[in-house]
Amino acid sequence: DAGITQSPRHKVTETGTPVTLRCHQTENHRYMYWYRQDPGHGLRLIHYSYGVKDTDKGEVSDGYSVSRSKTEDFLLTLESATSSQTSVYFCAISAGLAAGEQYFGPGTRLTVT
Amino acid sequence: DQQVKQNSPSLSVQEGRISILNCDYTNSMFDYFLWYKKYPAEGPTFLISISSIKDKNEDGRFTVFLNKSAKHLSLHIVPSQPGDSAVYFCAARGAGNMLTFGGGTRLMVKP
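One line per chain: the protein sequences are E and C, in this order.
My numbering applies: residue 1 is where the first sequence begins, and numbers increase by one.
My numbering applies: residue 1 is where the second sequence begins, and numbers increase by one.
Honestly, the hints are just simulated from the structure, not real lab data.
Any given hint might turn out to be false.
Stated by the list, open to error - So the derived list for chain E, only partly shown, Cβ under 8 Å to chain C, looks like this: (1) Pro-18; (2) Gly-58; (3) Gly-63; (4) Tyr-64; (5) Ser-65; (6) Gln-102; (7) Tyr-103.
Since the structure is predicted, the reported quantities are computational estimates derived from the model, not experimental observations.
Ideal placement from N, C-alpha and C gives every residue a C-beta, glycine not left out.
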């Protein structure tokens, strides 16, 4: 299995509070991604990173920000959580354009009350 | 507008028979197609992929077929086993190594 961990694995928070999710990899892969999974929608890309300090928006980026100060860590921040951000969040990594495949972490279940 | 669709939310098959999962896409610029398998409370696991220049790729019990003219791909599992019961996602790669996922199909293999 690819060396990807996510923390926390579960979190319950209140509307309006800031939340940061962490993704950590030990594979030294260049690309990292944040997805959310909701019933009927599959996985949707929030933000991705193609190198340290290099990030870009995905399909559903509103309300989220990311940072990548080290190759191994990719942080997802909800500045002011809303109930619509209740979801399961997955981090993924990829070696590069030739590889195609992305490898996923175990996920973080976030509930915003 | 969903660029990748899995029109069957669920599929039930008998152990030992063939499972066929289908996926349709609209963007002709996708260059790579992938299938992922997901168990509850776990992250998706990469299963098999196919380049847009091929029409078939096989790996053990799993075969993926690509019909570019129809913008359709399918995953065949033969023979199906109870351990194959999971949610299967198809995904397509576009610009910047970004994947677009279908909504998933829940496969149930009955003993």
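Hints, verified against the model:
Residue-level restraint check for Pro-18 of chain E is violated (minimum Cβ-Cβ distance to chain C is 25 Å; threshold 8 Å). Interface restraint check: Gly-58 of chain E against chain C, minimum CB-CB distance 7 Å, threshold 8 Å, status holds. With a least beta-carbon distance of about 19 Å to chain C, the hint placing Gly-63 of chain E at the interface is violated under the 8 Å criterion. At its closest, the beta carbon of Tyr-64 of chain E sits 16 Å from a beta carbon of chain C; the interface hint therefore is violated under the 8 Å criterion.
Annotation: interface hint on Ser-65 of chain E violated; nearest CB of chain C at approximately 18 Å, more than 8 Å. Proximity of Gln-102 of chain E to chain C holds as hinted, the smallest CB-CB distance being about 6 Å (cut-off 8 Å). Proximity of Tyr-103 of chain E to chain C holds as hinted, the smallest CB-CB distance being about 6 Å (cut-off 8 Å).
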